[in-house]
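Peer 1: Sequence:
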Amino acid sequence: MLRKATISIRARMALAALLVVAVPQAAFAQAVWPPKTVRIIVPFGAGASPDIVGRVLADSLQARHPDTHFVVENKPGASGNIGTDAIAKAAPDGTTIGISLGGPLAINTLLFAKLPYNPDTDIAPITLLTQLPSALAVPSNLGVNSVAELLAKAKAEGKGLAYGSIGVGTLSQICMEAIAQKAGVNMVHIPYPSSPAATTALIRGDVQVACLPAIGVTPQLSTGAVKILAVTTAQRSPFLPDVPTLKESGVDVQSDAWNALVGPGGLPKEMVATINAEVRKTLTEPAVIEKLKAQLITPSPTTPDELRKRINDEKALWADVIKAAKIRIE
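Residues 866 to 1195 (my numbering) are what the sequence shown spells out, left to right.
Possibly wrong hints are sitting among the right ones.
[To be verified] Listed next, the in silico DSSO-like pairs over lysine-lysine satisfying Cα-Cα at most 30 Å (straight line): (1) Lys979 x Lys1112; (2) Lys1018 x Lys979; (3) Lys1188 x Lys1047; (4) Lys1180 x Lys901; (5) Lys1112 x Lys1146; (6) Lys1134 x Lys1191; (7) Lys1020 x Lys1188; (8) Lys1112 x Lys1047; (9) Lys979 x Lys1134; (10) Lys1156 x Lys1047; (11) Lys1146 x Lys1134; (12) Lys1018 x Lys1174; (13) Lys1134 x Lys954; (14) Lys1020 x Lys1174; (15) Lys1146 x Lys979; (16) Lys1188 x Lys1158; (17) Lys1191 x Lys1047; (18) Lys1146 x Lys1158; (19) Lys1174 x Lys954; (20) Lys1180 x Lys979; (21) Lys901 x Lys1191; (22) Lys940 x Lys1112; (23) Lys1112 x Lys954; (24) Lys954 x Lys1180; (25) Lys979 x Lys1047; (26) Lys1146 x Lys1024; (27) Lys1112 x Lys1134; (28) Lys1146 x Lys901; (29) Lys1020 x Lys1112; (30) Lys1174 x Lys1024; (31) Lys940 x Lys1020.
If you're looking for bench data, these hints aren't it; they were derived computationally from the structure.
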């Protein structure tokens, strides 16, 4: 009888050991997220929209998980490729996540001959975070009050109007190229290193038009220095309800600026689901919504699969525009 009991105990111990081995490591990872320290990499400089979103996210997560240290690390450069590569090459254990956007995740695959990472395999989508409108703006003294008048003026000019952007291959350039192609007008590109620099050039009249993040342009409305002719989003922005969309203005171009939370490829699905749920809590907090609203930013959480689709759709949206404009970064 004792021998049978001993065998039974040993059998149960062996079975328990097998079960421990059989349980995927991801299940343990899910249970302990977040770890003691979590890096949130931002592939752009301090003060940029992704940085603002990243710090709001870090503060919220820190408040809910006081035993974890959430650290925002800015790694700007190469149109967001340096920071996004750092996310891609991090250990897929939940200690490193990051903010990225349409450029490094989609558009840059069309612009660069080679990237140090493959967004399709080296990046794990977690959730779309936010969306923010861009604005088509002109100097007030240009003498135009609508998109139609702007395009008529561009057609009347010999070589077209000069437009500013926040850099070669950025969404602000690609959007303007799409507008020019749809309307059949010529425009001359003049890149600037930042949104404030491009806005200053617009005010001075160094350029006649620019498609810029709305938050960079709206402060100038009160001074009367610029006019916003349209927003680039599919629907009118709640922050600028009286401003028509480009499509309403007769130009079928939609250019949504967005930020997303991603991790390194190979991040376990269970952990992706856990982080997604945590971030959704953040994006529904009234204090967070108000902080983002002050920057004209709207929370827009999604599933990981929906974010992957958004990345693929972004590439399809701009492929022909980039090819026709012959935009290339070596």
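Peer 1: It remains to establish, for every hint, whether it holds in the given structure.
Peer 2: Hints versus structure:
no.	hint	verdict
1	Lys979 x Lys1112	violated, 34 Å
2	Lys1018 x Lys979	violated, 39 Å
3	Lys1188 x Lys1047	holds, 14 Å
4	Lys1180 x Lys901	violated, 36 Å
5	Lys1112 x Lys1146	violated, 34 Å
6	Lys1134 x Lys1191	violated, 39 Å
7	Lys1020 x Lys1188	holds, 23 Å
8	Lys1112 x Lys1047	holds, 11 Å
9	Lys979 x Lys1134	holds, 28 Å
10	Lys1156 x Lys1047	violated, 36 Å
11	Lys1146 x Lys1134	holds, 19 Å
12	Lys1018 x Lys1174	violated, 38 Å
13	Lys1134 x Lys954	holds, 18 Å
14	Lys1020 x Lys1174	violated, 37 Å
15	Lys1146 x Lys979	violated, 37 Å
16	Lys1188 x Lys1158	violated, 35 Å
17	Lys1191 x Lys1047	holds, 16 Å
18	Lys1146 x Lys1158	holds, 17 Å
19	Lys1174 x Lys954	holds, 22 Å
20	Lys1180 x Lys979	holds, 15 Å
21	Lys901 x Lys1191	violated, 47 Å
22	Lys940 x Lys1112	violated, 36 Å
23	Lys1112 x Lys954	violated, 40 Å
24	Lys954 x Lys1180	holds, 22 Å
25	Lys979 x Lys1047	holds, 29 Å
26	Lys1146 x Lys1024	violated, 51 Å
27	Lys1112 x Lys1134	violated, 38 Å
28	Lys1146 x Lys901	holds, 20 Å
29	Lys1020 x Lys1112	holds, 19 Å
30	Lys1174 x Lys1024	violated, 38 Å
31	Lys940 x Lys1020	violated, 41 Å
Violated hints for the displayed structure, listed by number in ascending order: 1, 2, 4, 5, 6, 10, 12, 14, 15, 16, 21, 22, 23, 26, 27, 30, 31.
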